[in-house]
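The numbering of the sequence shown is this note's numbering, which starts it at 566 and goes up by one.
Worth flagging that the hints you see were computed from the coordinates, not collected in a lab. Even for Gly, the Cβ is constructed at its ideal location relative to N, Cα and C. It is possible that some hints are incorrect.
[Stated by the list, open to error] Simulated restraints on C-beta separations:
(1) Arg870 to Ser829: 31 to 37 Å
(2) Trp987 to Gly753: 43 to 49 Å
(3) Gln635 to Arg870: 22 to 28 Å
(4) Leu960 to Leu837: 17 to 23 Å
(5) Val697 to Ile626: 14 to 20 Å
(6) Arg871 to Ala807: 28 to 34 Å
(7) Arg838 to Leu629: 23 to 29 Å
(8) Gln635 to Arg777: 39 to 45 Å
(9) Ile676 to Ser966: 40 to 46 Å
(10) Arg803 to Leu627: 41 to 47 Å
(11) Ser829 to Thr899: 42 to 48 Å
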Amino acid sequence: MTRTPGGRTPTTAEIPAQARAGAGLFTGRLGGSDVGRAWAAYAVSQAGSGIGTGALPLVAILLLDATDWQISLLAAVAGIAGAATIVPLGPWVEFHRKRPTMIGADLLRCITLASVPVAALLHVLSFAQLCVVGAVQTIGAILSTAASTPFVKGLVPPERLVVINSRWETTFWTANTVGPPTGGLLAGWLGALTAITVDAASFLLSALGLARIRHHEPAPPTPSADRHPIAEMTAGWRHIAARPVLRALFLHAMIFGGLIMASSPLLAIWMLRDLAFTPEQYGLALGLPCAAGVLGSLLAPRIMRRVGMMRTLLIAGAARCVWMGLVPLAGPSTGGLALIVAADSALLLCAGIFNPAFATYRMQAVGDGYLSRVTAAWAVSSKTIQPIVIAAAGLTAAFLSARTTLLLLAGLLLASVILLPWMTWHPVAEPRPDTVPQLPTVSAVTNERCCAIDVHGGSGSSAAWLAWPSVSLPAGRHPLSGPGNQVEENGCNGSPLSGRGEPGRPSWPTGSGRCSTSR
């Protein structure tokens, strides 16, 4: 039992709020803690979204007799309009409390989705309304993600981030395994509007669950008085660009996501038209591999404890890129179907391992004052790039074939492995994931005289350049010092300096005591 220096048991008020919020994680129980309430809200939201997958296009087809180009327009308008709207909202999320933003995003999505069955019952449903609803769903999803990432980081004890991100990932894959078939059955039995109604109800339940959280959220960062709107809107991208490891992961993620999304409609053409598989077999090929994603997310914490966070990112990130090339090799037989299922299962297994490691790394590598904007920038980029890649792949398939285009996508996906941060990460005494210290934020810099440091270890043992205040710290007391972090005192007011420099930056011998002065 934890005791105070005097030997007595601490009172509830003396226990840090963050530790109390995450207490359920230490005992393996989620239900009685704020972490459990946050997870339950996330789970019910994901379950509803899984059931509602494809519901808007289904309503457009069955109730409005929408044409092929209208269905494509619905997806494009929802993605691009949502992404364009969220760009100026990113800084707003950063400088406001996160839980009210998450609740508002859930209620916004609930109301707009609920308007669809109401309009249908009143016989006033239109295609334009579906486009607006789709755009609002995209805006709400990005808002919720941008707010929930820093909220969870503040709610969960740092040493448990890997565990909670793994549990979130397991929930995501479970919802996407069970949800779409359930939504299809509901649509078949009760009509196309049923799945949308369930999805709307799930957002309402999620908002109610978030409202029950008792955790006192710390005050958000205060914007500077002389901030420029354009600079604030682009801060997330600039923050990513300034960090080699994060920049490499960003570029790889954009290419990976775009190519995977582009392969989805081509896979349908390849299986249903060219290989003459039945819709049931196609559904089997989509549903079964998601179970591998669940398995990967369950294995992720154990793998990270064994090999480390960054090795997990590199190995799993590379491994998820090698399997798509097997899909175009499948033939019109049971063996061909098994090959497609096996290839997609292997891909999603690796993705299930990669995603919790990445989510944890990004939480720890990005300062609290930038996390919402970085998350929003990531989501906006994905929502913008993916439709472009999908359209380009569709045009390529029109001139060549679905199989040839799938082979091209597989080749590009395999080539994208070189973008992973192989060269910017140095595996020097990497810390265990559950002992990775949090990085100081930019707001911690209170003096213009700074020392440039190259940290081997820290947040996932990435080579990260940080600005550190020019204050005197006792030896061994630096937040990044300790086991797993190769940090040495260099005589510059106690700031650490290690030997290897970042490409494009000056490099000094270890412990040389030379500092850079920047303004």
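Do the hints match the structure? See the list:
Between Arg870 and Ser829 the beta carbons are some 34 Å apart, a value that agrees with the proposed interval 31 to 37 Å. Distance hint check: the CB atoms of Trp987 and Gly753 are about 48 Å apart, consistent with the given range 43 to 49 Å. Taking the beta carbon of each, Gln635 and Arg870 are about 50 Å apart, not inside 22 to 28 Å as hinted. One distance hint, 17 to 23 Å for the beta-carbon pair Leu960 and Leu837, holds here, with the actual separation near 20 Å.
Range check, Val697 to Ile626: about 18 Å between beta-carbon atoms, so the 14 to 20 Å window is met. Distance hint check for Arg871 and Ala807: the Cβ-Cβ separation is about 31 Å, which falls inside the suggested range of 28 to 34 Å. Arg838 and Leu629 have their C-beta atoms about 25 Å apart, which keeps the hinted 23 to 29 Å range intact. Taking the beta carbon of each, Gln635 and Arg777 are about 41 Å apart, inside 39 to 45 Å as hinted.
At roughly 44 Å, the beta carbons of Ile676 and Ser966 sit within the given window of 40 to 46 Å. In this structure the hint that Arg803 and Leu627 lie 41 to 47 Å apart at CB holds, the actual value being about 45 Å. A beta carbon spacing of about 23 Å between Ser829 and Thr899 contradicts the range 42 to 48 Å that was offered as a hint.
Violated hints, listed in ascending order, are 3, 11; each of the other numbered hints is respected by the structure.
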